[in-house]
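*Asks:* Using the hints, position chain B against chain A.
2 protein chains.
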Amino acid sequence: MNLEIINIGDELLIGQVVNTNASFLAQELNKVGVVVSKVTTIGDKAQDIETALDLALSNADSVLITGGLGPTKDDITKQVLANYFDTTLIEDNKTLEKIRHYFEQRNLPLTQTNRKQALLPQNADIIENNYGTAAAMCFKKDNKLVFSLPGVPFEMKEMMPEVIKRLQNHYKLSFIEHKTLLVSGIGESFLSDIIEQWEDSLPNFIRLAYLPNAGIIRLRLSAYGNDKNLITSALNEQINKLMPLIKDYFLSFEQSNPSQTLVQILNKIGKTLATAESCTGGNIAHQITLNAGASSVYQGSVVAYSNDIKQCVLGVKPETLSQFGAVSEQTAKEMVRGVMSLLQTDYAIATTGIAGPTGGTSDKPVGTVWICVCDNKGNDRVAKCFFPTNRANFIDRTTTEALLLLLNLLQQDTK
Amino acid sequence: MNLEIINIGDELLIGQVVNTNASFLAQELNKVGVVVSKVTTIGDKAQDIETALDLALSNADSVLITGGLGPTKDDITKQVLANYFDTTLIEDNKTLEKIRHYFEQRNLPLTQTNRKQALLPQNADIIENNYGTAAAMCFKKDNKLVFSLPGVPFEMKEMMPEVIKRLQNHYKLSFIEHKTLLVSGIGESFLSDIIEQWEDSLPNFIRLAYLPNAGIIRLRLSAYGNDKNLITSALNEQINKLMPLIKDYFLSFEQSNPSQTLVQILNKIGKTLATAESCTGGNIAHQITLNAGASSVYQGSVVAYSNDIKQCVLGVKPETLSQFGAVSEQTAKEMVRGVMSLLQTDYAIATTGIAGPTGGTSDKPVGTVWICVCDNKGNDRVAKCFFPTNRANFIDRTTTEALLLLLNLLQQDTK
Chain A
1 MNLEIINIGD ELLIGQVVNT NASFLAQELN KVGVVVSKVT TIGDKAQDIE
51 TALDLALSNA DSVLITGGLG PTKDDITKQV LANYFDTTLI EDNKTLEKIR
101 HYFEQRNLPL TQTNRKQALL PQNADIIENN YGTAAAMCFK KDNKLVFSLP
151 GVPFEMKEMM PEVIKRLQNH YKLSFIEHKT LLVSGIGESF LSDIIEQWED
201 SLPNFIRLAY LPNAGIIRLR LSAYGNDKNL ITSALNEQIN KLMPLIKDYF
251 LSFEQSNPSQ TLVQILNKIG KTLATAESCT GGNIAHQITL NAGASSVYQG
301 SVVAYSNDIK QCVLGVKPET LSQFGAVSEQ TAKEMVRGVM SLLQTDYAIA
351 TTGIAGPTGG TSDKPVGTVW ICVCDNKGND RVAKCFFPTN RANFIDRTTT
401 EALLLLLNLL QQDTK
Chain B
1 MNLEIINIGD ELLIGQVVNT NASFLAQELN KVGVVVSKVT TIGDKAQDIE
51 TALDLALSNA DSVLITGGLG PTKDDITKQV LANYFDTTLI EDNKTLEKIR
101 HYFEQRNLPL TQTNRKQALL PQNADIIENN YGTAAAMCFK KDNKLVFSLP
151 GVPFEMKEMM PEVIKRLQNH YKLSFIEHKT LLVSGIGESF LSDIIEQWED
201 SLPNFIRLAY LPNAGIIRLR LSAYGNDKNL ITSALNEQIN KLMPLIKDYF
251 LSFEQSNPSQ TLVQILNKIG KTLATAESCT GGNIAHQITL NAGASSVYQG
301 SVVAYSNDIK QCVLGVKPET LSQFGAVSEQ TAKEMVRGVM SLLQTDYAIA
351 TTGIAGPTGG TSDKPVGTVW ICVCDNKGND RVAKCFFPTN RANFIDRTTT
401 EALLLLLNLL QQDTK
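One line per chain: the protein sequences are A and B, in this order. Here the first sequence is numbered in my numbering, starting from 1 and rising by one per residue. Here the second sequence is numbered in my numbering, starting from 1 and rising by one per residue.
Extracted from the complex, chain A is given alone in its bound form (with noise of 0.2 angstroms):
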């Protein structure tokens, strides 16, 4: 059973938003056994969206279609789809006293504009949106189901339950599976070379893909096949396998992201953890503490962008700055101590580089930066790393590779 999803929105299109409902829909229906085929963005024009439709029915068995429900003149999606499915939109009763209650409990008046925001094509199946106005809908064609769900994403991610729902009704769906092992400390084409004979040996059902990115290689191995315990089993079996050849490089299974693995570990054994980051601007801390559960064990971070900070708040030594630089492995150490005794905890990372752009010296060019981590036994680490990319990506391999090196002293100290 294969899906294709269609993005309604200009805003995609010039780049002003970047496609996330597009990856959130992926996830969800893989869980549920749904392949998505394929994913088209286009504008918020009638034809294009006929089109696009019209292709996507003659491939796939369903289809997804996000955005343009609004109640503006640029949203028209709604109205183009009852033309489609040859329908009429009509006032639906439910869908009003909803939308009537939304504004109600905003202190808000219902106007005219709102008010359209219940008029729905009369053939669909309506799914309720309980944090917005614009319903969702369901339709029906040559007995494939036709979704079409608002763009804003909080309110998309809500409704997603009810289109599974319907999906799992509908049709008689497969199960997928994804494994994904992080990798790090060796480039792709060199592990490519090293787990060649067992990647050749893999079972048709079976695929293998390479993901490098912020110095760290996932490998993804994904199953697809009718019956779950044939795939689980099939791939633990190759797992296994490959785990000799990778036994070197294998950082963990991904849990999401390094970020959650280090929370939920803290968890497991009751430690706590704190951050002081220089050139990382509080993305250490801001990556901890998406995870719900990370206000057990984090106890929060010094962000110390200015060198007075360094020293008056976590005590780095003025000698140290003046001799070896903010930039340097003795003023990471310094910080790291320096948050661990202040915030009094049994771990904690330090970061300092140079992010960029400006900032740079022939000494340390930009993209220099000290990660430093310890607990509180006086065990370290401490890395240097170069990521002479821009600011972003230098913040985003920096916190990696920062949470990377706790999760390895981390691992050392548990064993």
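There may be inaccurate statements among the hints.
Copies of the same chain are indistinguishable here, so a pair counts whether it falls within one copy or spans any two.
EDC-like, lysine to aspartate or glutamate: derived pairs with alpha carbons at most 20 angstroms apart [to be verified]:
1. K73 / E199
2. K45 / D200
3. K317 / D200
4. K116 / D200
5. K73 / D200
6. K73 / E196
7. K228 / D92
8. K116 / D193
9. K140 / D54
10. K45 / E199
11. K172 / E128
Hints were generated in silico from the structure; no laboratory data involved. Since this is a predicted model, take the numbers as computed values, not measurements.
*Replies:* Same frame as chain A, now just chain B:
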């Protein structure tokens, strides 16, 4: 002149990776007058690539493909394109030298797998990759240019100037201009009622779009045409007409984002900033420090995730915490004053709230947040917000509100 983008990669179709390449490419192409008419995302399958290319060439003047150029077995784009354009792969000496140098620099051997990266289509115009081993290719068919670029964002981005150069030489490009106004404190439908007459009178080469998200509506005007001056003056004329209608809600023109605006204003007036973050967990610091130039004005942040740190580092009084709780106006005010005096800045921001999913009470449900901003002359702004959404969205919205609240205070101070 319009172009279609084809992004190739199974990782995109299973949602493991968000397609940031498409938005980057669209922005860059728009800047030089190239309209992106469609984005298609497909997997690493030969037939899907051929079909997508057929379709794109029949609809668009040019095609830009990313992905599938790596050295591993799952990367098939190069071979598929060689077949499609009826040519063979031959070893390109210049590329081979580049690859040899790439591995020498890193003290790694040049393996057979790596050497294969120098095999390139005989009839393609080759674009060098200075940051990786996958060269880009430019094919010509029926006088249309077809580009194939690596999917790794950083490598792809660095090659875009060469792509743009070729587009500008080959096509007569027109002009596109986008202007986005940030509006806040009014709902989308109410805004559309207020500006309806103005909207209806827009000339047909100017399109209007509403993008509501995280408490802000972005009102985007896009103009298309052959005469740059005409486009710019028509846009300005329409904005002059719009302004009086929305003056109570207008925040600023979009200069990418509020954090960038903030850094620019602070740099201009020579003032410094610190932040004290509880529930936003470092995201405000992260958003600020993503901007080049942040280091001249941003001193740093105390991410005070635990009450201990609110007390010991920020100097929040124990009785404030016990009487009013960590999530309260009083705590927010003491946090903001605390961090301003600790880091000796002119301005400060503080946040304290309940991001969820747990930790809410009937008095203070998940989603409750207090934001306080202040200057060193005793002025402040306090906002209590309620964002009953998921954790990541809560952090996003609180961050936006906090930045806007400070922009509001700055507006007052610099009047």
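*Asks:* Please go over all the hints and tell whether each is borne out by the structure.
*Replies:* Hints and how they fare:
When the C-alpha separation of K73 and E199 is checked against a cutoff of 20 angstroms, the pair qualifies only between copies, where the shortest distance is 9 angstroms, while the shortest distance within a copy is 53 angstroms. Only between protomers do K45 and D200 lie at most 20 angstroms apart by alpha-carbon distance; the minimum there is 17 angstroms, versus 46 angstroms within a single protomer. With identical chains, the CA atoms of K317 and D200 are never at most 20 angstroms apart, being 56 angstroms at best within one copy and 65 angstroms at best between copies. When the C-alpha separation of K116 and D200 is checked against a cutoff of 20 angstroms, the pair qualifies only between copies, where the shortest distance is 18 angstroms, while the shortest distance within a copy is 58 angstroms.
Taking the closest pair of Cα atoms, K73 and D200 come within 20 angstroms of each other only across two copies (9 angstroms); inside a single copy the shortest separation is 54 angstroms, beyond that limit. Proximity of K73 and E196 under a CA criterion of 20 angstroms is satisfied inter-copy only: 9 angstroms between copies versus 55 angstroms inside one chain copy. Taking the closest pair of Cα atoms, K228 and D92 never come within 20 angstroms of each other, the shortest separation being 41 angstroms inside a single copy and 46 angstroms across copies. Taking CA atoms no more than 20 angstroms apart as the test, K116 paired with D193 passes between copies only; the shortest distance there is 13 angstroms, against 60 angstroms inside one copy.
Taking CA atoms no more than 20 angstroms apart as the test, K140 paired with D54 passes inside one copy only; the shortest distance there is 14 angstroms, against 29 angstroms between copies. In this homomeric assembly, K45 and E199 come within 20 angstroms of each other (Cα to Cα) only across copies, at 18 angstroms, whereas the closest approach inside a single copy is 45 angstroms. Taking CA atoms no more than 20 angstroms apart as the test, K172 paired with E128 passes in neither setting, with 25 angstroms inside one copy and 48 angstroms between copies.
In this structure, the hints that do not hold are numbers 3, 7, 11, in rising order.
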